[in-house]
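> Given only the sequences and the hints, what does the whole structure look like? Please build it.
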Amino acid sequence: MKNILDIKKMIYVLIILGSVLINKVSAQDVANGSATANVQAALSIVATQDLQFGSVFQGVSKTVTNNDAAAAGIFTITGAAGAGISAYMTLPQYISTAAGDDRMTIAFRNTDITIDSTSNADPSAFGSGWLDVDPNSLPTGLVIGSDVTPHTMLFLGGRVIPSVDQSAGSYTGNIIVTVAYNGI
Amino acid sequence: MKKKNRVLIGDNSRNSLWGFFIILTLLAAPLSQLAAGVLVAPSVIVLQDKSKTGRMNLQNPSNSPKEVSISFSYGIPESDSLGNVNIFLRDTGITDPHSALGWVKAFPRKLIIPPHGSQVVRFIAKPPKGIADGEYWVRVVVESQEGTTSIPSASDAEQITTQLNMIMRTAIMLKYRTGELVASLELKETIVKVNETSVDVIVDLINNGNVSYVGLLECRLLDADKKIVSKNHIQLAVYKDLKRRVTLPLVEGNFKRPYSVAVSITNKGRKDIPSNEMVFGNDLAYFVGLNE
Numbered sequence: 433m434k435n436i437l438d439i440k441k442m443i444y445v446l447i448i449l450g451s452v453l454i455n456k457v458s459a460q461d462v463a464n465g466s467a468t469a470n471v472q473a474a475l476s477i478v479a480t481q482d483l484q485f486g487s488v489f490q491g492v493s494k495t496v497t498n499n500d501a502a503a504a505g506i507f508t509i510t511g512a513a514g515a516g517i518s519a520y521m522t523l524p525q526y527i528s529t530a531a532g533d534d535r536m537t538i539a540f541r542n543t544d545i546t547i548d549s550t551s552n553a554d555p556s557a558f559g560s561g562w563l564d565v566d567p568n569s570l571p572t573g574l575v576i577g578s579d580v581t582p583h584t585m586l587f588l589g590g591r592v593i594p595s596v597d598q599s600a601g602s603y604t605g606n607i608i609v610t611v612a613y614n615g616i
Numbered sequence: 009m010k011k012k013n014r015v016l017i018g019d020n021s022r023n024s025l026w027g028f029f030i031i032l033t034l035l036a037a038p039l040s041q042l043a044a045g046v047l048v049a050p051s052v053i054v055l056q057d058k059s060k061t062g063r064m065n066l067q068n069p070s071n072s073p074k075e076v077s078i079s080f081s082y083g084i085p086e087s088d089s090l091g092n093v094n095i096f097l098r099d100t101g102i103t104d105p106h107s108a109l110g111w112v113k114a115f116p117r118k119l120i121i122p123p124h125g126s127q128v129v130r131f132i133a134k135p136p137k138g139i140a141d142g143e144y145w146v147r148v149v150v151e152s153q154e155g156t157t158s159i160p161s162a163s164d165a166e167q168i169t170t171q172l173n174m175i176m177r178t179a180i181m182l183k184y185r186t187g188e189l190v191a192s193l194e195l196k197e198t199i200v201k202v203n204e205t206s207v208d209v210i211v212d213l214i215n216n217g218n219v220s221y222v223g224l225l226e227c228r229l230l231d232a233d234k235k236i237v238s239k240n241h242i243q244l245a246v247y248k249d250l251k252r253r254v255t256l257p258l259v260e261g262n263f264k265r266p267y268s269v270a271v272s273i274t275n276k277g278r279k280d281i282p283s284n285e286m287v288f289g290n291d292l293a294y295f296v297g298l299n300e
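Protein chains in written order, with our numbering: chain Y, 433 to 616; chain S, 9 to 300.
Hints listed in this document are in silico derivations from the structure and should not be mistaken for laboratory results. Check each hint, because a few of them may be wrong.
Covered, in the sense of this in silico footprint (three residues per stretch, anywhere, with C-beta under 8 Å from a C-beta of chain Y), are these stretches of chain S [said to hold, decoys possible]:
(1) 48–59
(2) 79–88
(3) 172–180
(4) 238–252
Partner residues are not named here, just some residues of chain S that face chain Y (Cβ under 8 Å, in silico) [stated by the list, open to error]:
(5) Val93
(6) Asn94
(7) Ile95
(8) Leu97
No experiment lies behind these values; they were computed from the predicted model shown. Don't be surprised by glycine CBs; every beta carbon is placed ideally from N, CA and C.
Put into structure tokens, the structure is as follows:
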């Protein structure tokens, strides 16, 4: 009898789990009675992981590679599977203290971004797409993943170059990514 | 009487199953949070000259508030000689008479959407008097970031820390339509390039209408008996002149040479746009031979 109750509990957990996962999915097909309509999935972009340099030291530059799973910046673009998109990045040249009294150079090489169109979320395990390309000039012909996983991932690396007399403190800057459907 | 067989689950396997479900549940919550950005709908906003108003829905499915700002830019799909398409957003120096930049307003323009909340943004167009019939375009740029920015604290007096704020922008097309609308597409040229494992078809198109031509471009690689070797299609939006490239795989099989490509362009097959928002125009269909 106790075993049956446990199985019931498991079923409840599965239902709750299912509802959580279903909430994740943005439906592309909306059905109402006998009428069915296809709706273009909303295009969205999310910063899944910030580009993290951690603590840095005066006069010692620090590089994060785009295949660093723990520190690379990760963006997830979600939309209609197979739809063509345009994307571009606006990257800072400096990051500054909150008071604005000092700034630090930040640099991005022309190989600092990898774009994975297989929905693989791990920067260290590249699937397919564009490996080590220029973040200042993202490639054309980007598409949203596949029917099963309609995502395209951006993995961004970079480098901070503190000067020998860089003031101690917290430095911030903005990385802006813009996306648009190019078939509408 | 039919005997029901029940599978008895032992303590160890029951505990491990429970552990598995609990881990799955714990994993699912942060996953749903990670996958959540600000969702913008619809994908294209159409304003008519009668009402001159429209709306857009923003939804924040995440567990944290999102700071959102709305701005406008001009940007239509543009192509290079290889048929690669990109959209370049511009704020100044726009000479296109079909630009609606400067006379469409959004309300509100800055907002904070609470966790799992939504917000409607309304648009109103105030076009210049006497504008010609047709369609006018502007991009609605929805910019979002976390509502509470965490600036790292340098705990040690000698420590240098960094924080890069990731800002996401989605650019949605807004179209203002007035008067008599005409969708008309003309074929300028088709270039077929045979590669080792694929065939590239570059279609050069001219928009002769006064609205954007939104449709589908389909290419089929056919053998001498008109059997389909491979096919592919893309969504098409021609605002001005545009080149689009479709790549067809050269698959192995019992196919007879010479090959040809059947090209078909129509704006009647788009299921992702409501039909009352479509301006239907001409279709194009033709064959191109391959020089192998």
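> Within the assertion that chain Y covers the segment 172–180 of chain S, do at least three residues meet a Cβ-to-Cβ distance smaller than 8 Å?
This one holds; 9 residues, not fewer than the three required, reach chain Y with a Cβ under 8 Å.
> Verify the interface restraint on Leu97 of chain S: the C-beta must sit less than 8 Å from at least one C-beta of chain Y.
Holds - the Cβ of Leu97 of chain S comes within 8 Å of chain Y, reaching about 7 Å at its closest.
> Quick check: do three or more residues in the segment 238–252 of chain S have a beta carbon closer than 8 Å to a beta carbon of chain Y?
Coverage by chain Y holds for the segment 238–252 of chain S (4 residues, Cβ < 8 Å).
> So, Val93 of chain S near chain Y? Judge it on the closest CB pair being under 8 Å.
Hint on Val93 of chain S: holds, closest Cβ of chain Y at ~5 Å, below 8 Å.
> Are there at least three residues in the segment 79–88 of chain S whose beta carbon sits under 8 Å from a beta carbon of chain Y?
holds (count 3)
> Taking 8 Å as the limit, does the beta-carbon of Asn94 of chain S come near enough to a beta-carbon in chain Y?
It holds, given that the least Cβ distance between Asn94 of chain S and chain Y is near 5 Å, below 8 Å.
> Against chain Y, with CB atoms and a cut of 8 Å, does the hint on Ile95 of chain S hold up?
holds (4 Å)
> When I compare C-beta atoms, does the segment 48–59 of chain S have three or more residues closer than 8 Å to chain Y?
Answer holds; 5 residues pass the 8 Å Cβ test.
In this structure, none of the earlier numbered hints is contradicted; all agree with it.
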